[in-house]
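Student: Each chain is listed here by its residues.
There are 6 protein chains.
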Amino acid sequence: MEEPRIATVRPVAENEATGRVAEIFADIRRTKNIDFVPNMWRVLATNPTELEVVWNALKTLMHPEAVGRTSPLEPATREMIALAVSATNGCAYCVNSHTAALRKLGASSSMVGEVLAIAGLFNMTNTLADGYQISPDVLPPLEDP
Amino acid sequence: MEEPRIATVRPVAENEATGRVAEIFADIRRTKNIDFVPNMWRVLATNPTELEVVWNALKTLMHPEAVGRTSPLEPATREMIALAVSATNGCAYCVNSHTAALRKLGASSSMVGEVLAIAGLFNMTNTLADGYQISPDVLPPLEDP
Amino acid sequence: MEEPRIATVRPVAENEATGRVAEIFADIRRTKNIDFVPNMWRVLATNPTELEVVWNALKTLMHPEAVGRTSPLEPATREMIALAVSATNGCAYCVNSHTAALRKLGASSSMVGEVLAIAGLFNMTNTLADGYQISPDVLPPLEDP
Amino acid sequence: MEEPRIATVRPVAENEATGRVAEIFADIRRTKNIDFVPNMWRVLATNPTELEVVWNALKTLMHPEAVGRTSPLEPATREMIALAVSATNGCAYCVNSHTAALRKLGASSSMVGEVLAIAGLFNMTNTLADGYQISPDVLPPLEDP
Amino acid sequence: MEEPRIATVRPVAENEATGRVAEIFADIRRTKNIDFVPNMWRVLATNPTELEVVWNALKTLMHPEAVGRTSPLEPATREMIALAVSATNGCAYCVNSHTAALRKLGASSSMVGEVLAIAGLFNMTNTLADGYQISPDVLPPLEDP
Amino acid sequence: MEEPRIATVRPVAENEATGRVAEIFADIRRTKNIDFVPNMWRVLATNPTELEVVWNALKTLMHPEAVGRTSPLEPATREMIALAVSATNGCAYCVNSHTAALRKLGASSSMVGEVLAIAGLFNMTNTLADGYQISPDVLPPLEDP
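Going line by line, the protein sequences match chains U, E, F, S, W and D. Position 139 of the first sequence, counting from 1, maps to 138 under numbering that gives the first Met the number 0, and the rest follow consecutively. Position 42 of the second sequence, counting from 1, maps to 41 under numbering that gives the first Met the number 0, and the rest follow consecutively. Position 61 of the third sequence, counting from 1, maps to 60 under numbering that gives the first Met the number 0, and the rest follow consecutively. Position 34 of the fourth sequence, counting from 1, maps to 33 under numbering that gives the first Met the number 0, and the rest follow consecutively. Position 93 of the fifth sequence, counting from 1, maps to 92 under numbering that gives the first Met the number 0, and the rest follow consecutively. Position 7 of the sixth sequence, counting from 1, maps to 6 under numbering that gives the first Met the number 0, and the rest follow consecutively.
Chain U on its own, in the form it takes in the complex:
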């Protein structure tokens, strides 16, 4: 039976993955503590190098504990940044995925709304600052406190 179309290419099924792809699929399930491989990663697996590059980047930044690292940002803060960026870009897959992740971390719909309201606000002020070509008045300090 044909799986419904979920992308412009045929994603790699979990049970057909082999070698490096199968290892990364296992790492994704383990690291994210889920029992399936999300569409995103099954699609990226059609180019194993791409899968590896993106998973390495995401694992390091979003699952720092899995690489023995401590992030200066809380998990919910990281997902809020992800949601704000995805809303700015209008990416449907990403908005759904990061809203779900935020909810899993306990965020109410009101908190999701606060993130989006702030993302919306700064898309407005960005347009204004660029639309008037306003020069910076505040240069950030170069040195840490």
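Everything labelled a hint here was simulated from the structure, so no lab data went into it. No experiment lies behind these values; they were computed from the predicted model shown. Since no wrong hints were added, every one of them can be taken at face value.
Note: identical chains are not told apart, hence a pair may lie in one copy or across any two.
Listed next, the in silico SDA-like pairs over lysine to any residue satisfying Cα-Cα at most 20 angstroms (straight line):
hint: 1; residue 1: Lys58; residue 2: Glu73
hint: 2; residue 1: Lys58; residue 2: Arg19
hint: 3; residue 1: Lys103; residue 2: Thr30
hint: 4; residue 1: Lys58; residue 2: Thr48
hint: 5; residue 1: Lys58; residue 2: Arg28
hint: 6; residue 1: Lys58; residue 2: Asn38
hint: 7; residue 1: Lys31; residue 2: Ala99
hint: 8; residue 1: Lys103; residue 2: Arg4
hint: 9; residue 1: Lys31; residue 2: Leu104
hint: 10; residue 1: Lys58; residue 2: Pro47
We have chain U; now place chains E, F, S, W and D onto it with these hints.
Tutor: Chains E, F, S, W and D only, in chain U's frame:
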């Protein structure tokens, strides 16, 4: 003596502001606890309605205590979202302004980098999810916990 | 019976709105002269502050007569700007909503096309000007005529 | 004497243009009623096909009278759309150029601000509509009135 | 029988096209060597000037042989650029169309992935370079080798 | 003597790099065959994890030979995609850097123009396809030839 050009229109000088504009300028200095009005607001003042609309939105969302409100987000989290959006849009004025604000709240350059790394990561994954037209696999729950 | 999913959060139904949200819902129906509250506002109502901020901004700029203001721009011109921005950002909800609003104001499909053709043209020239990093040759005059 | 760098490639000087490029340069000066060729066109002339494609599109849409056409939009409306798009994209060359064009058509700084305020507003609502993945409630009519 | 809705306006059917629109429809079928007119062009035909402007630009740049021109870029390279831009903008119609075109030119799903991986990578680095406001260290040479 | 400001944070000087950062700096010079570390990498080094994540991704995709990989794309094609994305985003650092890289690979200014013309064209058609909400007519084949 002519002030150097800082925008495509001539900004309103603090000492020439009158009426509603002067009141908002005072509110900006008071609410932000600074002794000058940043370029952004002096430029928006060339259209007082625009100044009022944008200041009301920004004051409510970014200075909730000034309107008797409690935000579910920390001030630093709000500035991180602002920086992530501004980096995504490539807005020079905004990047400088929000980096400075984050620094004032105690963020090290390493923490600024963590915000930008995550913003960069999701600009990458947004491109991939949209570039493959990947269907959502996770719909967020509609109800709060 | 369950309403079909229309967003990542459960929108506020018109008949369950209370307090400030109910007042804004009534204001939206009155100001826009419609007999229902569009999805956008029902979704924003999940965070009443967000609803208030966005409605205040939109009411002031797009329904100036409702706040005792005269806009220098015609209603159709305002909707054309809205459509051009929404097309540039690729926002499906917004494109549908602003095309419908333009049509209600009497625009033919040919006029909609003229707006989009011009928006498309300048997305092309923006890419070229940025892609070559071209310096401005014309600085706008700072003073009004 | 070396001209200062104004782009990533060396623009074609007006007096070194020949053939089709010289003809288009003349057409630009005549159609726009100016006595110099703006940087944009001198840069595009480094690839004459690109110059021709972009000039044809811009001449047809922004100078309809020069091609014996009547546009359904006023010149100022067309420039407002151009400014709104350029502000959304943050294109410095384009913002300066279209603000100057609007000013030449008589727009006050307050009117420029009204255009930018509306462009900013819809960049905010676009982020919200996409950030919540809101379904359209209003489909525009397919037929003209 | 009503055709299903495919756009915000009613597209022009192939058999109802007349005059200049019919000529361009024929040119599209001939130049692209296909036996139908894609939705895009049928929609643009609701404003014949828009149809002509966009088709002229696309024919010249993407079908150079049809205008007696030699492009410095291979057809597959041109489609890769188209896909990278469409992925960056998140345009569904365009991603589908350019992926199909690339496939028709023989690209494997792995090659599509390589294009998207590189587009994703530079969306990430663009965010970082803009998010830190990094000054250029390498100015391209102005003269050709 | 103070180095001029090149970013919102103080970049790491080549001679002050230690440990993993020094190793990556050496790898950058070796892999890119240059005798200095570009600003981008010196800035990212303020957060070594970020430096490592971005360098790994870029090295793998843009310098495949350095990781024992064969890319399906030519070096010039990869740089063209980078330039098209950077032009679309309007990133000054990136446009300069990728134009310089293309030139180093032998591209004439006319070829740079061809890339930008195509990137501009598809930013135009993306706006049109999204601005009309056009449905795909061509779904790419899922299987490789």
